[in-house]
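Chains as they are written, first to last, in my numbering: chain A, 4 to 307; chain B, 4 to 307; chain C, 17 to 273; chain D, 17 to 273.
No wet-lab data here; the hints were simulated from the structure. Please note that a few of the clues may not be correct.
What the hints assert, rightly or not - 25 Å max Cα-Cα, derived DSS-like pairs, lysine-lysine:
(1) LYS211(A) to LYS90(B)
(2) LYS205(D) to LYS246(D)
(3) LYS211(B) to LYS211(A)
(4) LYS246(D) to LYS90(B)
(5) LYS121(D) to LYS218(D)
(6) LYS191(C) to LYS90(A)
(7) LYS246(C) to LYS259(C)
All values derive from a computational prediction rather than experimental measurement.
Listed below, chain by chain, are the residues.
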Amino acid sequence: MNKENLDLKVNIGGVVLKNPVTVASGTFGSGREFAEFIDLNRLGAVTVKGVSSIPWKGNPAPRIAETYGGMLNSVGLQNPGVEELIKNDIPFLRQYDTKIIVNIAGKTIEEYCDVAEKLSHADIDLIELNISCPNVKEGGVAFGIDARMAKEVTREVKRHSKHPVIVKLSPNVTDITQIAKAVAEGGADGLSLINTLLGMAIDIHRRKPILANVVGGFSGPAIKPVALRMVYQVAKAVSLPIIGMGGITTGEDAIEFILAGATAVAVGTANFRNPRATMDVLDGIKEYMLNNGIKSLDEIRGIV
Amino acid sequence: MNKENLDLKVNIGGVVLKNPVTVASGTFGSGREFAEFIDLNRLGAVTVKGVSSIPWKGNPAPRIAETYGGMLNSVGLQNPGVEELIKNDIPFLRQYDTKIIVNIAGKTIEEYCDVAEKLSHADIDLIELNISCPNVKEGGVAFGIDARMAKEVTREVKRHSKHPVIVKLSPNVTDITQIAKAVAEGGADGLSLINTLLGMAIDIHRRKPILANVVGGFSGPAIKPVALRMVYQVAKAVSLPIIGMGGITTGEDAIEFILAGATAVAVGTANFRNPRATMDVLDGIKEYMLNNGIKSLDEIRGIV
Amino acid sequence: MKEIKHVIVLENQMIAPKMYSMALQSEEIVRVAKPGQFVNLYCRGEARLLPRPISICEINKEEGSINLIYAVAGKGTEEFSRIEEGETIEVLGPLGNGFMIDKSKKRNIVVGGGVGTPPLLELVKHLKGEIDVYLGFRSYPILVEEFERLGARVHIATEDGSVDFKGNVLELLKKENAVGDIIYACGPKPMLKAVAQWAASKNIPMQVSLEERMACGIGVCVGCVCKTKKQDEDDWQYKKVCKDGPVFWSNEVIWDE
Amino acid sequence: MKEIKHVIVLENQMIAPKMYSMALQSEEIVRVAKPGQFVNLYCRGEARLLPRPISICEINKEEGSINLIYAVAGKGTEEFSRIEEGETIEVLGPLGNGFMIDKSKKRNIVVGGGVGTPPLLELVKHLKGEIDVYLGFRSYPILVEEFERLGARVHIATEDGSVDFKGNVLELLKKENAVGDIIYACGPKPMLKAVAQWAASKNIPMQVSLEERMACGIGVCVGCVCKTKKQDEDDWQYKKVCKDGPVFWSNEVIWDE
Ligand SMILES: Cc1cc2nc3c(=O)[nH]c(=O)nc-3n(C[C@H](O)[C@H](O)[C@H](O)COP(=O)(O)OP(=O)(O)OC[C@H]3O[C@@H](n4cnc5c(N)ncnc54)[C@H](O)[C@@H]3O)c2cc1C
Ligand SMILES: Cc1cc2nc3c(=O)[nH]c(=O)nc-3n(C[C@H](O)[C@H](O)[C@H](O)COP(=O)(O)OP(=O)(O)OC[C@H]3O[C@@H](n4cnc5c(N)ncnc54)[C@H](O)[C@@H]3O)c2cc1C
Ligand SMILES: Cc1cc2nc3c(=O)[nH]c(=O)nc-3n(C[C@H](O)[C@H](O)[C@H](O)COP(=O)(O)O)c2cc1C
Ligand SMILES: Cc1cc2nc3c(=O)[nH]c(=O)nc-3n(C[C@H](O)[C@H](O)[C@H](O)COP(=O)(O)O)c2cc1C
Ligand code: FES
Ligand code: FES
C-alpha cells in the first residue's frame, strides 16, 4: 500500500470530494489569498465565506480577541453580497480541481431563499446553510437554536436551491441532536458542525469587553472536545453525511472526527496560525492510513 | 494605599467571605492535601467535593483525558457520602479561618433534600447545589438543563436546608439566563457557574474514546471565554451573587470575572497544574487593585 | 509559494523601558519590503495562536536584515523579549501596503506617537526635500538620533515633560506652527484623529498608518477593519487594515468610532 | 510547605529507541523517596496542563539525584526528550506509596514489562535473599546489566524473539518453573492480570504497581482509580492509584475492567 492507492473519496449529498479535507467558512476568504500558500487543487473542497443576498457591512472593530488556545471573532458576516461572489470568486475557484461549497447567510427565510436562488445558476457544488452565526442578531443564530425554525428554513431553502444543501449547526444549544433531526426532516443533504461557541473576553486595563460587539464566536483548538462530542452525538442520531469541524489543526485531529462519524473535515482557525494547515491535515490523514493499513476511511468512520 | 487596607470582603447569601477566592468543587478534595501546599487560612472559602446522601462509587477508569489547554473528567461524583464528610472533613476544615461550602449531589429531589437536611446540623457555611454534573446519568444534569426542574429542586432543597443555598449551573444549555431566573425564583441565595462543558476525546490508536464513560466534563483555561460570557449574561439577568469559575488561573482571569459581574471566583483545574494557584490568584487580585487604585472590588464589579 | 519562515534573530535588545529592538535575518523580506509594511511574528507559546503584527522599522539591504522595534504590551511581546540572539522566530511578510511616497513634495511632515514611531524611520530614508519629524511620547523618546542622522529636524513632545516640550504632539505641531505639503503619520488612533483634523483645517494631505486586532494578517478573516468613506460621501464601508492598509489617506478614514 | 520545584536535568539520554534516561538533581526527593514511588513531571507546552507521572528508577544518595526512565509515548514525553542537560524541569514528588518491602522473604520474584521495568531497579536494591528478575519486552530489553550488577538473576522474554525467550513474561515464568515467596511486579495491566492469576494459583503473594491517567497525582481529583475489593468480598470500591497506590496487593485488585 502506498499514498497513491489510498481511497480518500467522500460523498456529500451526491457530490464526490476527492478527499475529505475542506476549510471552515470565513477562515479562508474565497481561497485567493491561500492560493499563494498552497495548491488549492489538493483540497477536497473550498468552502467560501458566508454571503448574503445583498452586501452586509458587518460589526464594528475590534472584531478579534485571542483566548487560551483559541480566539473570538465578531466579524458579523461582512460580505460583498452573493452577486459579487458569483462574478469574482466562483470563476477564480473554478480554475482549480476542487469542489466549491458556498456558505449562505440571511436574516429572514426569504433572504436565505434569495441567496440560494441566485446561486442556482452559479457554477458551484454545494450550499452550506449557516443558521448558526452568533454574531448577527436578527435571524442568523435564531434559526439554529430552535428546532422548528431550523426545519422550516431548511425546507424552504431546499425548495429554492438547485444544489444540495448542507446545514451548519450551532453548538450553543442544550441538545444538538434535536436540531440535527429537525434539519434532517427538513430535507438537508448533509450537516456541518460545529459553528463557533459563544464567548467573551475582557480587557482588564480598559475595563471593557475586547470585542466592540461584546460577545463573539469562539473557535480554535480549545473548542475541539465540544465539537468532537457533538459530531459523535449527531452521527449516532441521524444518517446524513457530516462535515466535522472545530479546532482541527492536525491529521490526528481529523482522524478523531472521522472516528466519531464525520464524513469530511474542515480546517478553520488553524489556517490563521499556519496557512499550510490544510495540507498538514491531509498529509497527516494519509500517514495515519498508511501506518494503520487503512485503505479507505469507510473502514474507520464512526466506529467509536 | 497598601495591601493591608484593601477591602476584599464579599457577601454570599449572608455569609461574609474575607476575600473572593474559593475553589471549584472536585478540584480540591476536602482541602486536606492542599494544606500541605498552601495556608488554607488565606482562602475566602473552601468548596469541598460533591457529596451525596449515601456513598457513590463513581464511573470506571480512565476518568481523565487531557485536551488542548484543558481536560476532561468523568469521575461521576465518587464520594464516601455526606456522613463521612461531616465526621472527617468538616472538623478538619473548621480548624482554619475560612468558610466552608459543601457541594451536594443527588439523583432525585429527595436525595438532594436528604443531603441538605443531614448538613443542617453540621458546622458549615453554605451549600452549593450541583444540578449540573454531566457525568451522572440519572438526575444530576437533568435538573440543570430544564428551568422548571431547576426551580423545583432549588425550592425543595431550600425548604430542607438551614444553610444558604447556592445553585451551580450547567453551561450545556441554549440560554443560561433562563435557568438562572428559574433558580432565583426557586429561592436560591446565590449562583455558581459554570460547571463543566460536555466534551469528548478519542484515542486514535486504540480507536476508542479515551474516557471509559465516552464523554466527560470539560474544564480548564480553554473554556474561560464561555464561562465569562455566561457569568456576564447571568449577572445582567438576575441580581443574585455569583461565584464565577471556568478556567481561572491568574489574578487577571479573576478580575475579568469580577468585571463581568462575579462576586467571588473559584479556582478549579488550575489547582492540578499548580497547587499554589489559589494564592497566585489572590495575590494577583490584590496587585491589580493596588496598581489601579481600587480599594474595594465593589468599585469594578459588573461594570462591563 | 509564500510561507511562514523560521528566521534567525540577529539582535534583540532593550532600548528603553519595555521597548525592544529586534533584527531579523531575511534576504527575502529585504528584497521586497517597503516603508510602512509590517510582518507577522508568531508566538511559541501554544496558548497564543494569533500572529503579532509588527511594523518594519528599518530595511538593511547590506546586512540582508530588517529591524523591528516593539513594546512589551502583553504576553506575546513579553515572550519575544526573552528570545536570545541566534535563536529563530517564525515570521511572515512583508504584509500590507506601505506608505504612498510622494517624492515631489518639498516639505514633509512626519508625525509619530509612541510605538507608532518605528515605521517612520524607514519612511524618512525614502523622502526627498525638507523633513520635519514630530514625535510624541509618554516620557522616553526613541529613535531621535536615528532620525537626525538622516538629516531630519526632530521635534519632541513628552506627556510628562521629561524631554523637551511638555504636552502632546498636536500641541507641539501648533506651537511650532508646522508647515508642509504632506503629512505621514503613525501612532495611537486618538492622536491620528486629532492630527488629521488639524491637517484638514490646514488643507495638508495626510497618510495615516492604522492598527487593529488581527487574526490572519493576509486579508482572509475580515477581522481587522477600519471604517472608511465610499465614493459617494454618505456611504461607508469597512476596509481591512492588513490588506487595504495599514496606510490610508486620512480623509478616507471615518474617525468616529 | 510542599511545592513544585524547578530542578536541574543532569542527564537526558536515549537508551533505546524512543526510551530515555533522565537524571534530576534533588536532595529533597532523594532524602525521602522509596522504591515504587513516582514523581509528577510538568510540561512547558501551555497546551498540556496535566502532570506526567513517572516512576523513580534509581535513588542516588551520593549524587543527590534520582533517575527516571521514560518512553516517548506522546506529546509530553516527546517534549521531555528534547530537554538538554543543564536545563530545568518542574517536578513534584515523591508521590504515592512505594512497594511494601518484606525483607524476611528468601526468594524474591520480580516481574517487569516494558516501561514498567524502571521502578523495579531501585526495588531490587532493597531486597534481601535470592532475586529472580523476569522481564518482558517487545524487542529491546532495558536495564538488564543494571539488574545483574545488583546480583539478581535476569530472565528475558521478547515478543519478537530478538533477545532470549520468544514470548511473553508469563510464558517465561511458566517455562522456567519460577519459584519464590513473594512477587513484585510492574507493567501493562493485561500482563499484571495474567501474572496475578498465575501467582494466585501458586499461592505466592504478589504486589503490583498500577498505572492510570491522572489529573493531580496528589489524591484530590479522584481521577486515577482502580477497582478493588472491600473487606466483605462481594463489595468493591474505587481506590486512587496516586494516593492509595500505585502499589497494591494483587489479590485486592479487581482485574475485570
Ligand atoms: C499593522 C500593525 C503594526 C504594528 N506595529 C507595531 C510596532 O512596530 N511596534 C509595536 O510595539 N507594536 C506594533 N503593533 C502593535 C502590536 O501588534 C501589539 O502590541 C502586539 O500584538 C501585542 O501583543 P501581546 O501578545 O504582547 O499583547 P496581548 O494583549 O497579550 O495580545 C493579545 C492579542 O491582542 C492583539 N493585540 C493587542 N494589542 C494590539 C494592538 N495594539 N494592535 C493590534 N493587535 C493587538 C495581539 O496581536 C494578540 O492577538 C502593530 C500593530 C499593527 C496592527
Ligand atoms: C504511577 C505511574 C508511573 C509511571 N511511570 C512511568 C515510567 O517510569 N516510565 C514511563 O515511560 N512511563 C511511566 N508512566 C506512564 C507515563 O505517565 C505516560 O507514558 C505519560 O504520561 C505519557 O505522556 P505523553 O504526554 O507523552 O502522552 P500523551 O498521550 O500525549 O498524554 C496525554 C495525557 O494522557 C496521560 N497518559 C498517557 N498515557 C498514559 C499512561 N500510560 N499512564 C498514565 N497516564 C497516561 C498523560 O499523562 C497526559 O495527561 C507511569 C504512569 C503512572 C500512572
Ligand atoms: C473569523 C471567522 C469567521 C467565520 N465566518 C463564518 C461564516 O461566514 N460562516 C460560517 O458558517 N461560519 C463562520 N465561521 C465559523 C467557522 O467556519 C467554524 O465553524 C468555526 O470557526 C469552528 O472551527 P475552527 O475551530 O476550526 O475554526 C467563522 C469563524 C471565524 C474564526
Ligand atoms: C476532576 C473534577 C471534578 C469535579 N467535581 C465536581 C463536583 O463534585 N461538583 C461540582 O459541582 N463540580 C465539579 N467539577 C466542576 C468544577 O467545580 C468547575 O465547575 C469546572 O471544572 C470549571 O472550572 P475550572 O475550569 O476552573 O476547572 C469538577 C471538575 C473537575 C475537573
Ligand atoms: S487580519 Fe484577517 S483580514 Fe486583516
Ligand atoms: S490523580 Fe488525582 S486523585 Fe489520583
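A quick look at each hint next to the structure:
With a C-alpha separation of about 46 Å, the suggested pair LYS211(A) and LYS90(B) falls outside the 25 Å cut-off, and the hint is violated. For the suggested pair LYS205(D) and LYS246(D), the alpha carbons sit about 20 Å apart, so the restraint of at most 25 Å is met. Under the criterion of a C-alpha separation no larger than 25 Å, the hint pairing LYS211(B) with LYS211(A) is inconsistent with the structure, at around 43 Å. A distance of roughly 21 Å separates the Cα atoms of LYS246(D) and LYS90(B); the hinted pair therefore holds under the 25 Å criterion.
A C-alpha spacing of about 16 Å is found between LYS121(D) and LYS218(D), which places the hinted pair at or below 25 Å, so the restraint holds. Taken as a hint, the LYS191(C) and LYS90(A) pair is broken in the structure, with Cα atoms around 53 Å apart against an allowance of 25 Å. Our distance criterion of 25 Å between C-alpha atoms is met by LYS246(C) and LYS259(C), whose separation comes to about 17 Å.
When the structure is compared with the earlier hints, violations turn up for hints 1, 3 and 6 and for no others.
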